[in-house]
Amino acid sequence: NAGVTQTPKFQVLKTGQSMTLQCAQDMNHNSMYWYRQDPGMGLRLIYYSASEGTTDKGEVPNGYNVSRLNKREFSLRLESAAPSQTSVYFCASSGYPGTDGTTIYFGEGSWLTVV
Amino acid sequence: SQQGEEDPQALSIQEGENATMNCSYKTSINNLQWYRQNSGRGLVHLILIRSNEREKHSGRLRVTLDTSKKSSSLLITASRAADTASYFCATDTDSSYKLIFGSGTRLLVRP
Numbered sequence: 001n002a003g004v005t006q007t008p009k010f011q012v013l014k015t016g017q018s019m020t021l022q023c024a025q026d027m028n029h030n031s032m033y034w035y036r037q038d039p040g041m042g043l044r045l046i047y048y049s050a051s052e053g054t055t056d057k058g059e060v061p062n063g064y065n066v067s068r069l070n071k072r073e074f075s076l077r078l079e080s081a082a083p084s085q086t087s088v089y090f091c092a093s094s095g096y097p098g099t100d101g102t103t104i105y106f107g108e109g110s111w112l113t114v115v
Numbered sequence: 001s002q003q004g005e006e007d008p009q010a011l012s013i014q015e016g017e018n019a020t021m022n023c024s025y026k027t028s029i030n031n032l033q034w035y036r037q038n039s040g041r042g043l044v045h046l047i048l049i050r051s052n053e054r055e056k057h058s059g060r061l062r063v064t065l066d067t068s069k070k071s072s073s074l075l076i077t078a079s080r081a082a083d084t085a086s087y088f089c090a091t092d093t094d095s096s097y098k099l100i101f102g103s104g105t106r107l108l109v110r111p
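Chains as they are written, first to last, in our numbering: chain U, 1 to 115; chain H, 1 to 111.
Worth flagging that the hints you see were computed from the coordinates, not collected in a lab. The model shown is predicted, which means the values in this text are computed figures rather than measured ones. By construction, the Cβ of each residue, glycine as well, lies at the ideal position given by its N, Cα and C atoms. Hints may contain errors.
To be verified - On the chain H side, residues computed to face chain U include the following (Cβ under 7 angstroms):
#1 R36
#2 G42
#3 G104
#4 L108
Please take these sequences and the hints and turn them into a complete structure.
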């Protein structure tokens, strides 16, 4: 089982460039998330999608946009990358609360460097 | 600001010893979860405890929850070198069920 798959794994961007991180899950989960993790820190929620067709801001949404393309896919876009967006990005998904609670399944991460 | 804060930030123990990590949070929760992250990898779910539960066990893991003190602890018994990782608590705080993570405890288990 693939679980949560995110691409690319590594990316170097120049300041001002744009890029999209792709994420797909094969667990038929309703909810999907994008987090960022900075060195020595925990995860901060950027955006989440509770169900197909909905998206909501998390703790640190500025500078990002998201698209819930369908139930499987949730993309994160940086329109004009800034050095402050250098981070590791994690996509995640979870099933409907009441089945396994809100257990989140994570992808392996995307290392993004903005120079 | 983050909902959960782990304590200590770093912990170094000898293999075979027990490791205890604590998590404090600020607002009422539905559930509290613990996750583990090996270096350079994604997070992996360890255990979930609901707000109406006080203690839960899973293998060598024991989690307690004290909602009156807004705190939880994770105990790993008989630690192994393979337990070396960062451990995070996460809480969901409202009906949207989004998880907010703490800053983590880095555990080093020395062989």
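Each hint tested on the structure:
1. R36: With a minimum Cβ separation of about 11 angstroms from chain U (threshold 7 angstroms), the hint on H/R36 is violated.
2. G42: It holds, given that the least Cβ distance between H/G42 and chain U is near 4 angstroms, below 7 angstroms.
3. G104: Holds, because the Cβ-Cβ distance from H/G104 to chain U comes to roughly 5 angstroms (cut-off 7 angstroms).
4. L108: This interface hint is violated because 14 angstroms lies over the 7 angstroms limit.
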